[in-house]
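Fit chain to chain and form the complex, with the hints in mind.
From first to last, the protein sequence lines stand for chains H and E.
Heads up, the first sequence is in our numbering, so the first residue is 1 and it goes up one at a time.
Heads up, the second sequence is in our numbering, so the first residue is 1 and it goes up one at a time.
Please note: incorrect hints may appear among the correct ones.
To be verified - Here are the computed lysine-lysine pairs in the DSS-like style, where the Cα-Cα straight-line distance is at most 25 Å:
hint, chain 1, residue 1, chain 2, residue 2
1, E, 64, H, 264
2, E, 223, E, 248
3, E, 6, E, 64
4, E, 228, E, 207
5, H, 25, H, 171
6, E, 72, H, 264
Claimed, not checked - Covered stretches of chain E, going by a simulated chain H footprint (3 or more residues, C-beta under 8 Å):
hint, stretch
7, 49 to 55
8, 80 to 91
9, 98 to 105
Unchecked claim - Over the 10 Å line for every Cβ pair with chain E, so calculated as not near, a few chain H residues:
hint, residue
10, 70
11, 95
12, 219
13, 261
14, 345
Just so you know, these hints were derived from the structure itself, not from any lab.
Beta carbons: idealized from backbone N, C-alpha and C, even for Gly.
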Amino acid sequence: MENSTHCKGVEAAKDAKAPALAPSKASRRAGVIIVCLAVFLVATVCVSLMLGRYPIEPGQAIAMLVNQIPGISIDQFWTDQQATLFFNVRLPRIVLAIMVGCCLATAGAAFQGTFQNPLVSPDILGASQGAAFGAALAILAGSAAFGVSLSAFAFSIATVLLVLLVSSRAKGNRILVTVLAGTMISSLFSAGVSFTKLVADPTDDLPAITYWLMGSLTGAKMSNIMLASVPMAVGVIVLFALRWRINILTMGDDEAATMGVNAKRLRILVIVAATLATAASVAVSGMIGWVGLVIPHLCRMMVGSDYRKLIPTSMLLGASFLLIVDNIARLASTSEIPIGILTAFVGAPFFLYLITRKKKV
Amino acid sequence: MSIEIKNLSFSYGRHEVLHDISLSIPDATLVNVLGPNGVGKSTLFRCILGLNSRYEGSIFVNGKDMRQLSVKERAREISYIPQSHAPVYDYEVLDVVLMSTGTDLGMLRSPGPRHIERAYAALERIGVEHLAHRTYTQISGGEQQLVLIARALAQNARTIIMDEPTSALDYGNTVRVLSCVRQLAREGLSIVQSTHQPDQAFLYSDKTLVINDGRVFAYGDPKDVITKQLVSDIYGVDVEVNSLYGDKVRVCVPVNEIAR
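Chain E extracted, bound-state conformation (with noise of 0.2 Å):
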């Protein structure tokens, strides 16, 4: 298993913000994560990254309970993919991706040739590396969210979080980095990204899993999860969900819009 939840309770203070959380992720799945602001998605994400630490219940990232490993044996395990966003410094591309190789160095260590071999190697695996020397500040928001799967890669760790990767992008770059992150659980590793379209599970997820008021709303296969009363229970639109190609995709339309 990827990662494992069992009875994932957390709160903020008072607001508990997660409630009885428990599922598990399998190796090489790509899992899509649904559902409104503010439910809880993110805090979900925090928990099983290690960055909220006080949660009630275990959490276990290929075989290991994250509270008993340090950062840096966390970092070996799940890595992270933020949306991409401006650091206040201009940096190499290259120097960005390396950024996350440094997890068997110790505190006083910069990286060698084998870490910047390993970062190129991920860039070239996302297919990026001609950005290599580029200034990562004045790439493209979409080149940017590439080179941050790159450095995710570079992490070396067989799971990967993405919090909303394609939220600030264009259709294009959508596409791009969603069919990118398909390519790579089927080589193997296992990605949890959440975001705001369900059309997208169809397409670019194995499993589907709702989220709401902090629980499990529904988990598994995308077809089963996506219906229109999930839509309309979790999100309050009326859609139709139409099924295209054979069902190879379907696609969710509101209903409001044609009934005009």
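This is chain H alone, in the form it adopts within the complex (with noise of 0.2 Å):
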């Protein structure tokens, strides 16, 4: 007999396809997961936007939203100053944890691809030290908070850009030099942040830089979120658009180039895609660890790891998640809890969680 069994040959093929191209369960079921989520993450909206020391009723802050739309107006029942508490700082406040978090998850889920690594965080080629340094800086020099804000983003931006030249020219295997020359120059700038602490004045400017260093999003303002918005958004839009690409790019290099893609470009685009978004996000809110890491892996035991599902599943859990901790960094305790180290008491048990436990056959 010519042909073996295992090859059917052409003729073959032409039989009814329909039942098995429908998707597969698996498939389905994160296509409910990611609603679910889109769901729960507009319920975690709602349920913050009441929640505070200074009582906002449901009614009141649906109504003031209401009134914004152009063209309708409810009569006011709710206090000028619950106004002004309402849409200067806790809608700015929610708004921001929403970006941060989706952010530096998709960011986080895009960097792990990329590097072929599920063990890297969004700050893998320095992102978060740059801004650190940038910021520091920026307080030594008497900036005011915005000014704070942009010399992170300015340094995080510089640092990852340097680390793209620096591993351009080295020799080896690329994903090596590159994850290498960001570890090295990730601690040059820690050094750096280390030395401004040391010169820095220790009744003013050391605390400030300090508390900037642990994360917090309390500096919310509708005028930073707008300026944010604008490299978060591209960031994370071209992120989404890659996601399909990521998987081959997950394969290795010579075998994505042998499928048309390639892949040394592609990589360069998530990178700075996915730096954008970084930089925007550590620059308005500090240094928010372990949301970048963790939130990937968990979505990849939801959905799996394809990233036509793990991107958008990322996006909306990274979300939910900083909300929620952020919800309980300023209402836990009288005083604000850094959200930094929030996430870092949540993050690092339950990724020790994720790395010894048994693998689900």
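Here's what the structure looks like:
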């Protein structure tokens, strides 16, 4: 017999294939999970709007929001003070938590794919340490909050560009030299931060630097948010559009190239997009660790490794997670707990659980 | 001509790996590449695939100069089947096959139903469509290799290169993979595969290419190429080449063991 049983030839391919072409059970499940997460995020936002030391009724919150829509005006049944608090403090903070959580988780997922390593976080290429150094310098120079953010953002981007430049000149495995360069330059900037702390005025600048390093969303203002939202949106939208191609990138550069994907160019694009999102997040919120590492992991457990599902899931879960943690940060005790500390408290034990748990078959 | 190589030379730094290689491979031909480790088989493949681009000479695939083509255009002419290996992340088999179907898509686009259909059809053509929704890392090595062949088919390129497709497989899977490849070449694809078993060439190739020291040592019908002399020359092993089934197939037997 010429035709082996394992190679049916073209004729066999014409058989009916409709039933098997329907999305698999796992794929449908992932779709349901994504919808559920979207609903969960909306619910979390609604609850968060009402949470706070200063009471705002659910009805009032909704009415104040609806009132903002042009052409609709509702008779005011809330105090001006409530409105000020709602629009200047609570709402910006919730929006910022969502944006930062979404950016860090998405960037983390993207970096984990690009470097074919599930233990990578968004600051692998020095985005955080660069930002920290930029912020510390600006604080030393006596800048206002806005200047600190701007300096943090600029230094963050510059650090990653420096890492890319160095690694493009290095010999050897592309991924390895990029990660190595990132680690080295990170530690260089980390030493820079330590130095600024050493020379900082201990009554004034030092606490400001220390507090910034711990990460917090307290500085949320609509003006900041508007500015940060541009690089964040560009980064996240590009990563979302590239999500299928990141799958191919995880197979290795050579294999990707033989399948028609220019791996080097794609990797740079992913890194630049993820860095924009990360740098903007760090610039407005300080160092918030763990979200970018743990959330993609959790999402992978929920919807699998396919980036077409992993990216949207990370976006939604990252946003909900940071919003919930920020609610705890602002409500748990009389004085605000820096959110960076809380994410580490939640993130690190969870991560230890992940790497020690038995792999399910 | 599926592949036409003229005066190809390639060096890693000062070390010359390929020296003045010229050969042509017709359409719908299964070529078996033999040669000891480190003689430049993989380097030759990398040059043809465009992964090594700093070569001298020229390489034409399906009449197109590979040097003039973009990464995406190259992938439309030639596809590659690597040795099965475990990716870092778990993907569904169908998603693995789908990865090669993007050669007609823009950078920011994802594949649609048309591509999924093509990926599924490729799995059917290899006869492993029942694996479509299994996790790639959880199927056997032989099944993984068949899935990778399906992935190469889904790419719709007329020429395929395989680097030692069966080196990590057991006997049963080796035979299944090779007979699948044999069948695909009969259906019109040109396939170039490297192997370490001279015996395989008799059953599973139309032409045998022997590379030694970065040069074409021999190229032609397997029965003409694989001789006692050649195996002794390139592998340093004395064999007897025996004919079976009225010379439908031949086998190489190491003489040392028989003489005892």
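Quick rundown of the hints versus the structure:
no.	hint	in the structure
1	E:64 <-> H:264	holds, 24 Å
2	E:223 <-> E:248	holds, 10 Å
3	E:6 <-> E:64	holds, 13 Å
4	E:228 <-> E:207	holds, 18 Å
5	H:25 <-> H:171	violated, 45 Å
6	E:72 <-> H:264	holds, 13 Å
7	49 to 55	holds (count 3)
8	80 to 91	holds (count 7)
9	98 to 105	holds (count 4)
10	70	holds, 33 Å
11	95	holds, 27 Å
12	219	holds, 34 Å
13	261	violated, 7 Å
14	345	holds, 28 Å
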